[in-house]
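Peer 1: Sequence:
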Amino acid sequence: MTRELVYTGFMSLDGVVDSPGGKEEGHRSGGWVMDTEFVPEAYSLKGEELADTTALMFGRRSYEVFAPFWRDSADHAAYKELPKYVVSTGLADDAAVEDWGPITILRSTEDVAELKKGDGGAVFIHGSAELARRLADADLIDRYNLLVFPVLLGSGKGLFSRADRDKQQLRLRESATYSNGVAKLVYDVVH
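Quick note: the sequence shown uses the working numbering, first residue 9, plus one each step.
No lab work stands behind these hints: they were computed from the structure.
Model, not experiment: these values are computed from the prediction.
Warning: the hint list may mix true and false statements.
[Said to hold, decoys possible] Calculated pairs, DSS-like style, for lysine-lysine (alpha carbon to alpha carbon, straight line, at most 30 Å):
#1 Lys192 / Lys124
#2 Lys31 / Lys54
#3 Lys31 / Lys165
#4 Lys175 / Lys125
#5 Lys175 / Lys165
#6 Lys175 / Lys192
#7 Lys125 / Lys192
#8 Lys125 / Lys54
#9 Lys124 / Lys31
#10 Lys88 / Lys124
#11 Lys192 / Lys31
#12 Lys31 / Lys88
#13 Lys165 / Lys192
#14 Lys54 / Lys88
#15 Lys124 / Lys175
#16 Lys175 / Lys88
#17 Lys192 / Lys88
#18 Lys165 / Lys124
#19 Lys31 / Lys125
#20 Lys175 / Lys31
#21 Lys88 / Lys165
#22 Lys125 / Lys88
[Stated by the list, open to error] Restraint-style ranges between C-beta atoms, simulated for each label pair:
#23 Ser187 / Asp102: 42 to 52 Å
#24 Gly126 / Gly162: 34 to 44 Å
#25 Ser116 / Ser187: 25 to 35 Å
#26 Ala103 / Ser183: 31 to 41 Å
#27 Gly30 / Gly189: 38 to 48 Å
Just so it is clear, CB atoms sit at the ideal spot from N, CA and C, and this is done for glycine as well.
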């Protein structure tokens, strides 16, 4: 039995996942999630994910942004003791954020493939667009949990690779739309 690798994130209608939370993340239109009317049920997917997550995975930059904030966040308390994996060739072994549970640094896509072969439940990737593209190109992503926002950003980090590769088929597992224009799309990757 292999572990499921799930990418979860907020995405604009034109496929940008860059800086949903604020301008400090680097995109000139950062904070675009907050510009959409808040409708609690549109975020129910995030609560469902809390119950399904057995480990977290990040690229280096997303880890450095999320870890200090999520460690002390009441909304993310359920993640505190879960295993965390950071995929990075440059992050020092001693650079882990203190008091945020077990952290393992993986150095390559091959290390991620080995992790998937082990026992355990779903590993969720948050943020980390560049990592997600590399893992998708290596056919390691099993599911996409997306909240698509009714905004066009024109530029920014995209979730999906533009590499010339074989077609990858997805199967819709679940969908919903909300009064604020947000669409929940959960896709399984057909391997």
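Peer 1: Decide, hint by hint, whether the structure agrees.
Peer 2: Structure-based check of each hint:
no.	hint	result
1	Lys192 / Lys124	holds, 26 Å
2	Lys31 / Lys54	holds, 22 Å
3	Lys31 / Lys165	holds, 14 Å
4	Lys175 / Lys125	holds, 24 Å
5	Lys175 / Lys165	holds, 21 Å
6	Lys175 / Lys192	holds, 23 Å
7	Lys125 / Lys192	holds, 29 Å
8	Lys125 / Lys54	holds, 26 Å
9	Lys124 / Lys31	violated, 34 Å
10	Lys88 / Lys124	holds, 21 Å
11	Lys192 / Lys31	holds, 24 Å
12	Lys31 / Lys88	holds, 26 Å
13	Lys165 / Lys192	holds, 20 Å
14	Lys54 / Lys88	holds, 16 Å
15	Lys124 / Lys175	holds, 22 Å
16	Lys175 / Lys88	violated, 37 Å
17	Lys192 / Lys88	holds, 26 Å
18	Lys165 / Lys124	holds, 26 Å
19	Lys31 / Lys125	violated, 38 Å
20	Lys175 / Lys31	violated, 34 Å
21	Lys88 / Lys165	holds, 27 Å
22	Lys125 / Lys88	holds, 24 Å
23	Ser187 / Asp102: 42 to 52 Å	holds, 48 Å
24	Gly126 / Gly162: 34 to 44 Å	holds, 40 Å
25	Ser116 / Ser187: 25 to 35 Å	violated, 44 Å
26	Ala103 / Ser183: 31 to 41 Å	holds, 39 Å
27	Gly30 / Gly189: 38 to 48 Å	violated, 20 Å
Checked against the numbered hints given earlier, this structure breaks hints 9, 16, 19, 20, 25 and 27; the rest are met.
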